[in-house]
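Participant: As a plain string of letters, each chain reads:
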Amino acid sequence: MGTSIVGLGMTELGRVYGRSPRRLAADAVRLAAADAGLALGDLDGLLVSHGMSGSPGIELADTLGLRDLRLLALVNSYGATAGAMVSYAAMAVLNGSATTVACVFADAPLKPKQSAGSAYNRDAPAGKAEWYGFGGMTAALGLRSVNSHYALAAQRHMARYGTTSEQLGAIAVATRRWAAGNPLAQLREPITIEDHQRSRWVSEPLHLLDCCLVSNGAVAVIVTSADRARDLARPPVHLWGWGQGHPGHRKERGSDFGLATGAAASGAAAMKMAGVTAADVDVCELYDCYTYTVLVTLEDYGFCAKGEGGAFAASGALGPGGSLPTNTGGGQLSAYYMWGMTPLSEAVIQARGDGGRRQAPSTDVILVSGNGGILDHHSTLVVSPHAKGA
Amino acid sequence: MEIGVLRRDGRTDPFFDGTAAGRLVVRRCEACDRWFAPDASGCPGCGEEDLGWAEASGAATLVTWTILPKEPPAFLALVELAEGPWLHARLDGVERADLREGLALRAAFEHPDEGESYVLFRPWTERGSVR
Ligand SMILES: [Zn+2]
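Line by line, the protein sequences give chains Z and A.
What the first sequence shows, in the numbering used here, is residues 1 to 390, in sequence order.
What the second sequence shows, in the numbering used here, is residues 1 to 131, in sequence order.
Because the hints were derived from the structure by calculation, they are not lab data.
For glycine and all other residues, C-beta sits at the position ideal for the given N, C-alpha and C.
Heads up, a few of these hints could be off.
As the list claims (entries may be wrong) - Quick look at which bits of chain A chain Z covers, simulated, 3 or more residues with Cβ under 8 Å:
| no. | segment |
| --- | --- |
| 1 | 5–13 |
| 2 | 74–83 |
| 3 | 89–100 |
Construct all of the structure, not just a fragment, from the sequences and the given hints.
Facilitator: As structure tokens, then:
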């Protein structure tokens, strides 16, 4: 017996205003159920994940009018949550505690007339700023944004392995080329390495075009047994394997912060369960909060040796026509930022063959990643249009 | 460097007693002989939540850095204290060309007219500060 993703629901994504995160989440679950050919009453499990908004929680079940659920929980592993939720849903189905589980993420950090960056940064207070304690001191001295923390990680990789900004740019360019074929992508205009190099510094060595979008919206998927999936409306996307990795980087001598991530343990576990190796993977849908995140994840998954992610990206492997189609919908860099639901939703679209102009040539084995915190948390899924072992 | 006004938070006050006196005071677990950043919440070695405070030498090396596009640019970093822990820090007296893994640094203390004293890290050689 196996498990499958049978429904995908996506609200409008991007600068979508006027709907609360809870309303967006409810809409996504309804869309996912309709997509699967299920009624809401068929759901007996709901796993909820929220972003910066801190909403919704498990009251979403009430909003949706769901009754007699056998599984209901708020799940939080930051950006690794989507993959984790799907694995918990699959385990619940496999052990019989639930039969049909919706997993949903929603967020609405963007406000009208507010910059995208300010949604995730600790802005200096107006006037003569007051800062409190040691943490306040580092913020006062300038370390206020997630961008700067990832910049510290990327810079360490550059200093240690010779990774270059142009190599990071190759990831931005390849991802944008994929986005051109995705009607849902927020940014579809082609870019060049020169555009990347000319884009403003956000926190050196990261340019603006190294950084993901910020989006409002919600995405839901529905997980059920492979047996039940056969009778539903859409082609099932089978779950072959899953894994997590939480390295617990200590900020002290000997830490490999920036050089390696939880992707190494997570990817190995997921691929072992799936019975595949990196060489079997046709498509990667990777969490790309930054170009650098893609690069280090590819290394940790074993698609190239440690330290060679830059050369691998610059080889053209990741873009349309490349040997390892990666982030085929434009990812978080160019399409939409729904945390781990960005790579997962595109994996479902590709596995179903719904990619249209951007459909990858082969999708037998698709690897999906999630990454949370400052490279603190990682999840991996291996999915396929084919039943496992078939 | 205009950074606003630093206040105590009741949790990291010994650190600011230290900066006022030109000393780098951080967290330390006596039992494990392990040092931590001033905002550490406990020792993962033994589970002690109420870590002590101890004066570090002030010697450090550069782990990694990022540059904020300001005028003048702000050089932010992770530095490794000689005692082992990493601190998020701001560098002072450096130029782009100086930046490399392992660059020797030394804590330097700033005493603004208003608010708490704070620490920056400057390049350092045996003969004293580079600049
Ligand atoms: Zn201890």
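Participant: Under 8 Å between beta-carbons, do enough residues of the segment 89–100 of chain A, three at least, approach chain Z for the coverage claim to hold?
Facilitator: holds (count 3)
Participant: Can you tell me if the segment 5–13 of chain A counts as covered by chain Z, using C-beta to C-beta distances under 8 Å and a minimum of three residues?
Facilitator: This one holds; 8 residues, not fewer than the three required, reach chain Z with a Cβ under 8 Å.
Participant: For the segment 74–83 of chain A, count the residues whose Cβ lies under 8 Å from any Cβ of chain Z; is that count three or more?
Facilitator: As far as the segment 74–83 of chain A goes, the hint holds, because 5 residues have Cβ atoms under 8 Å from chain Z.
Going down the numbered hints, you'll see the structure goes against none, and every one checks out.
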